[in-house]
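Participant: Chain order of the listed sequences is A and B. Residue 264 in my numbering sits at position 264 of the first sequence, with consecutive numbering throughout. Residue 131 in my numbering sits at position 131 of the second sequence, with consecutive numbering throughout.
Just so you know, these hints were derived from the structure itself, not from any lab. This structure is a prediction, so every number in the text was calculated from the model and none was measured. Please note that a few of the clues may not be correct.
Stated by the list, open to error - Pairs of lysine-lysine, PhoX-like flavour, derived with a Cα cap of 25 angstroms: (1) A:LYS312 x B:LYS148; (2) B:LYS383 x B:LYS445; (3) B:LYS317 x A:LYS207; (4) B:LYS445 x B:LYS365; (5) B:LYS148 x A:LYS110; (6) B:LYS61 x B:LYS398; (7) B:LYS148 x B:LYS317; (8) A:LYS223 x A:LYS207.
Said to hold, decoys possible - Some chain A residues flagged as far from chain B (calculated, every beta-carbon gap over 12 angstroms): (9) ALA151; (10) GLU220; (11) ALA258; (12) HIS442.
Quick reminder that beta carbons are idealized off the backbone N, C-alpha and C, glycines included.
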Amino acid sequence: MSMNTQGRPTGIGGSAPAAADKGSSLLPDEPLLFEIGDIGHSGVDLPDVEIGDSRLAGFQRKTPLELPGLTEPEAMRHYVRLSRRNYSIDSGMYPLGSCTMKHNPRLNEKMARLPGFSDIHPLQPVSTVQGALELMQLLSHWLLTLTNMEAVALMPKAGAHGEMCGMMAIRAAQQARGQGHRSVVLVPESAHGTNPATAAFLGYSVKAIPARADGTVDVEAVKAALSPEVAGIMLTNPNTCGLFEREIIEIAEAVHEAGAYFYCDGANFNAIMGVVRPGDLGIDAMHINLHKTFSTPHGGGGPGAGPVVLSKALAPFAPVPFVRLGAAGIELVEHIEGEHLGRITAFNGQMGMYVRALTYMLSHGGDGLAQAAKDAVLNANYVRARLGHVFSLPFGDQPCMHEALFDDHFLEGTGVSTLDFAKALIDEGFHPMTMYFPLVVHGAMLVEPTESEPKQTLDAFCDAMLVLAADARAGNAERFTAAPMRAPVRRLDETRAARSPRLKWERAE
Amino acid sequence: MRYLPHTDAERAAMLATIGVADIGALFAAVPERARLKAPIDLPPHAPEYLVEARMRALAGKNRTGADGPFFIGAGAYRHHVPATVDHLIQRSEWLTAYTPYQPEVSQGTLQMLFEFQTQVAHLTGMEVANASMYDGSTATAEAVLMAKRLTRRNRIVLSSGLHPHYRDVVRTYVGDGPDLVVIPHSAAGTLPLTIDDRTAAIVVQTPDFYGSLRNIEELAEIAHDAGALLIVVVTEIVSLGLLEAPGALGADIVVAEGQSIGNALSFGGPYVGLMATRASFVRQMPGRLCGETVDAEGRRGFVLTLSTREQHIRREKATSNICTNSGLCALAFSIHMSLLGEAGLRKLARLNHARACALADALEKVPGLELITHSFFNEMAVKLNRPGAPVVDALAAKGILAGVPVSRVDPEHPDVADLLVLAATELTTDDDIAALTAGLTEALK
Numbered sequence: 001m002s003m004n005t006q007g008r009p010t011g012i013g014g015s016a017p018a019a020a021d022k023g024s025s026l027l028p029d030e031p032l033l034f035e036i037g038d039i040g041h042s043g044v045d046l047p048d049v050e051i052g053d054s055r056l057a058g059f060q061r062k063t064p065l066e067l068p069g070l071t072e073p074e075a076m077r078h079y080v081r082l083s084r085r086n087y088s089i090d091s092g093m094y095p096l097g098s099c100t101m102k103h104n105p106r107l108n109e110k111m112a113r114l115p116g117f118s119d120i121h122p123l124q125p126v127s128t129v130q131g132a133l134e135l136m137q138l139l140s141h142w143l144l145t146l147t148n149m150e151a152v153a154l155m156p157k158a159g160a161h162g163e164m165c166g167m168m169a170i171r172a173a174q175q176a177r178g179q180g181h182r183s184v185v186l187v188p189e190s191a192h193g194t195n196p197a198t199a200a201f202l203g204y205s206v207k208a209i210p211a212r213a214d215g216t217v218d219v220e221a222v223k224a225a226l227s228p229e230v231a232g233i234m235l236t237n238p239n240t241c242g243l244f245e246r247e248i249i250e251i252a253e254a255v256h257e258a259g260a261y262f263y264c265d266g267a268n269f270n271a272i273m274g275v276v277r278p279g280d281l282g283i284d285a286m287h288i289n290l291h292k293t294f295s296t297p298h299g300g301g302g303p304g305a306g307p308v309v310l311s312k313a314l315a316p317f318a319p320v321p322f323v324r325l326g327a328a329g330i331e332l333v334e335h336i337e338g339e340h341l342g343r344i345t346a347f348n349g350q351m352g353m354y355v356r357a358l359t360y361m362l363s364h365g366g367d368g369l370a371q372a373a374k375d376a377v378l379n380a381n382y383v384r385a386r387l388g389h390v391f392s393l394p395f396g397d398q399p400c401m402h403e404a405l406f407d408d409h410f411l412e413g414t415g416v417s418t419l420d421f422a423k424a425l426i427d428e429g430f431h432p433m434t435m436y437f438p439l440v441v442h443g444a445m446l447v448e449p450t451e452s453e454p455k456q457t458l459d460a461f462c463d464a465m466l467v468l469a470a471d472a473r474a475g476n477a478e479r480f481t482a483a484p485m486r487a488p489v490r491r492l493d494e495t496r497a498a499r500s501p502r503l504k505w506e507r508a509e
Numbered sequence: 001m002r003y004l005p006h007t008d009a010e011r012a013a014m015l016a017t018i019g020v021a022d023i024g025a026l027f028a029a030v031p032e033r034a035r036l037k038a039p040i041d042l043p044p045h046a047p048e049y050l051v052e053a054r055m056r057a058l059a060g061k062n063r064t065g066a067d068g069p070f071f072i073g074a075g076a077y078r079h080h081v082p083a084t085v086d087h088l089i090q091r092s093e094w095l096t097a098y099t100p101y102q103p104e105v106s107q108g109t110l111q112m113l114f115e116f117q118t119q120v121a122h123l124t125g126m127e128v129a130n131a132s133m134y135d136g137s138t139a140t141a142e143a144v145l146m147a148k149r150l151t152r153r154n155r156i157v158l159s160s161g162l163h164p165h166y167r168d169v170v171r172t173y174v175g176d177g178p179d180l181v182v183i184p185h186s187a188a189g190t191l192p193l194t195i196d197d198r199t200a201a202i203v204v205q206t207p208d209f210y211g212s213l214r215n216i217e218e219l220a221e222i223a224h225d226a227g228a229l230l231i232v233v234v235t236e237i238v239s240l241g242l243l244e245a246p247g248a249l250g251a252d253i254v255v256a257e258g259q260s261i262g263n264a265l266s267f268g269g270p271y272v273g274l275m276a277t278r279a280s281f282v283r284q285m286p287g288r289l290c291g292e293t294v295d296a297e298g299r300r301g302f303v304l305t306l307s308t309r310e311q312h313i314r315r316e317k318a319t320s321n322i323c324t325n326s327g328l329c330a331l332a333f334s335i336h337m338s339l340l341g342e343a344g345l346r347k348l349a350r351l352n353h354a355r356a357c358a359l360a361d362a363l364e365k366v367p368g369l370e371l372i373t374h375s376f377f378n379e380m381a382v383k384l385n386r387p388g389a390p391v392v393d394a395l396a397a398k399g400i401l402a403g404v405p406v407s408r409v410d411p412e413h414p415d416v417a418d419l420l421v422l423a424a425t426e427l428t429t430d431d432d433i434a435a436l437t438a439g440l441t442e443a444l445k
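Given the sequences, and given the hints that come with them, work out the whole structure.
Facilitator: Printed below as a string of structure tokens:
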């Protein structure tokens, strides 16, 4: 078996123990599949059938596949060993602002695997999938009740896809009103990067709205930016500074008065579910990240799900397919005439995520969801209160919503960057917080504990943060610039990766 | 509530540290008229066994693929997934990890993505693959946008036989208009006439929506002669265990639905989109990419790279609509592909083709229908002596899921209303086929 043949130690870092290049005995380095697998190995037993070529029209494969196989025990070990090189919410806290890394209940997983949900085809006759359609309708009912909106498009595959869907509904509505010339979308500077990206993707020009000194959007700044060219505004509430937009109702009124629509990024809905309904604020469209607010697992980067709730004005433009009650039971409407925005994915969206999210909702109930929001806000404020005397608060000592924002003034003159500080948090057993976002704050550190963390964990996290801050100020810069030291690998050279990209395994020369 | 750790005493202690009297005070910034005055009108929290009973009742109203003869494909295929796959992807370290933006604590996910990218590149015969897309349909739309960027041309030609839903998604992404040319099923031969020096790309699916194998080499030549790109769409990825890699036939971008390997049908999602292309095009490719590098001690490690292409970084200069991708589905794909290996994938592909041949042979004997797909992998279309939808409903009533009436996915072309698309996989038995042909014979009388 060939061990890691590329990128082996070059002698840098002589202080590491001799065995470090193989990892520890309990956390060994794992070779690539292509270094341990064999073209002849297989972990499945299948009959070896002979086939003729009369139906293949001469298109048989001639080039080799070069796909190594693993027997079942080899596969088990490879993927278990690899998995141990990951941090996860089940092993520790993710204080990742704007990501809502909450507990992922296993009942959700069990339910998603019921054959009645997992072994059904999107194009089965609707008479054979009435339970699936009923589930979609029930999920819709919960989302619409929590948001007080008119309609929901369930199928966006992730948050950015939901943004696209919502903004397309706005565009379709403008076009239907003869207002298709509106070409500008207002986006506050503090917005998630996906917001301006979505607006630009749809051909809108983006006009930035500056933040006020207190971290919120000024209704007067919005009014000044509104014009007959503006199609809508994209605003996150609670915003990315962890604050509720105080003038959001006035902003919505001004936007509507100017003939524009209000898109709200619902990434931070976890702070207000069951407490504030977006429909009461004048919002026209908002995506909800089921993989944030409703506990479907992040899975190392997806799959997500980003249903979009729509106001009465936008509901007619919802994409297909959708469910509705018909004479013969629940119908799946796959085609309609009119000015709707079309189809954004082949089938019915992320059914597996719908099952998980609805299971979570039924478990929590309306009362539990509201309590979860309140506890999320409580936890963030507790962290703010415990750290605020050391970690600088860019917008003063005011309560935050579900995430606490700090800046890096406390690191001035220490030689430690925000990135170094975050990497040192790994050595303390925590995932780094969100860094350098939002962009409106210098060296931002955004901490979102979520409601899942008990007080003991929050205390341990705050203690670790305070110890690190004291260390940085005491001049121990090296533990930061060299961090992490206790992760499976040391700081990785991202510049090198981008300069000469190696994006797949190549056979050693 | 079992997911919320705090006791009331702990909440009180934390409020004291914060210095407020109650949690309501933390919501002071919420305007009075924005606050919900009464508790939200939804049922209260419920014990696990009651939630489970409710969900089981809903699941029980659906007919599953295992309940009887099943011939539905059309972009999503019912294959066996080894138990090992589902066990491994439920490990906490895979399931509950965040996106690997912090590479030092995400080497498991990153190495897996590097392996996944290599597998996809080898399967498709392309030089480079990304770390996955939402699904095949959105990957196709993104490929179209990528081709427009690469060629700086606007015209897109969708060949006949592209899955109608994929066609509709492309239409939504790029907008309907004269620059989107859709070749209908009835005019398949006219494609070369539509290619000109404004054409950015030809999009062709193989096996196509009707199951037919398409001549990629010929289309690549037509595209390249006009300075356009060829985008090849594969909705049944198992086919590449038997059929030539699109990359070897001149494809410039290959997109695919990867669901067949490792992922359940799940009523349409989550699935995993695959995208692969030429190395020289990588900076115009959307989606996350994992690359190899070294750590501070010179050891091999992996990171997300070339992220300046990505929309959350580029903000208003972004060119794609994907941030979150399909990490866990990509993992399931990669594990299943590792278990198969080259030998297993070839066997699986041959087995699928053999079952489809058995289905085709049986269908050809049914009076009242005509097999119109002559070269295929595991899927085929038949022309019935009447509209397809009522026939499918009649067989469903007998417990046979007899494929997809084309009118359901493509109502804008009435000339296909009597077509039915049927698929066979390794799970299709001789008894299933016998039940289907008996049912069809009866229904077509």
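Participant: Which numbered hints does this structure break?
Facilitator: 1, 5
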